[in-house]
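Q: Numbering (numbering that gives the first Met the number 0), first residue to last: 0 to 275.
Mixed in with the good hints, there may be bad ones.
Pairwise CB distance ranges, derived in the manner of DEER restraints [what the hints assert, rightly or not]:
hint: 1; residue 1: Glu-127; residue 2: Gly-165; range: 35 to 41 Å
hint: 2; residue 1: Pro-95; residue 2: Pro-147; range: 28 to 34 Å
hint: 3; residue 1: Asp-119; residue 2: Leu-249; range: 35 to 41 Å
Derived by calculation from the structure, the hints in this document are not laboratory data. The C-beta atom is built at its ideal place from N, Cα and C for all residues, glycine as well.
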Amino acid sequence: MREASDGVTPEGKTIPAPETVGAGPTGSTHAEPVVVVLDYGAGNVRSAVRALEAAGARVLLTRDKQAALDADGLVVPGVGAFRAVVDGLREVGAVPLIERRLMGGRPVLGICVGLQVLFDRGVEHGEETEGLGQWPGTVERLRAPVVPHMGWNTVRTPPETELFKGIEDQRFYFVHSYGVQDWNFEVGSSHMVPPQVTWSEHGAPFVAAVENGALCATQFHPEKSGEAGLQLLRNWIATLPTTGRLDALLEQRHDDDGLPEATSQAQAEAAAGREA
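All chains should be modelled from the sequences, with the hints used to inform the complete structure.
A: Below you can see the structure in the form of structure tokens.
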């Protein structure tokens, strides 16, 4: 088992790796992995919960740190301003939690502003805010005649994509005025696998998704992107382990956690790309 200090570069950036920090997997009697959607006050995330359930995960919406650490996958949603999301994550202690998961190679998925805050910084209305610094880059106002960029758009995927496998030519639903439009990632060694970057365009090209080992993120909303979005979530869920760490908690909270079950209605809502 590696130490936490082994999981960062000399510059302090996380190095995703296959080892797991903390207790090893215990196994599970369930086939479905457990995904925690981090509840830090990001607004209405129920549609993300329902979409993940419809895609085949067991889901908890919580800000409990131990549950977020023990989950097979962690989803970090984001709605609104860059600074507000960063402040919300810091307020609930989510930043070191995300770092610890990534040091152990444990999957994290960011959505919308949940992608943006993973970069070095964001600039909104002339105000600069430090991000989580997992990737180099600045989130800035889109260089487009009309913002926000709202609606369906195509993407340009990398050859080795896992997230977009089978849906490379599909359209996804975007709602944003800011994005990362310049990607400058230096590969530190011949042993390092560079991130896989998916692009879209609104006025100018911008980063639509990143796949970087245990850390993935999308600028668009998979939960609002119909069947293509559900398939992307299925692709991500298929990469998750099923450790059983949260089985007891799920059984204890069954029917009492207030989270809707995955139903045909949830699939219909996702297919229509609507917010419930």
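Q: State for each hint whether it applies.
A: Against the structure, the hints:
| no. | hint | result |
| --- | --- | --- |
| 1 | Glu-127 to Gly-165: 35 to 41 Å | holds (39 Å) |
| 2 | Pro-95 to Pro-147: 28 to 34 Å | holds (32 Å) |
| 3 | Asp-119 to Leu-249: 35 to 41 Å | holds (36 Å) |
Of the numbered hints stated above, none is contradicted by the structure.
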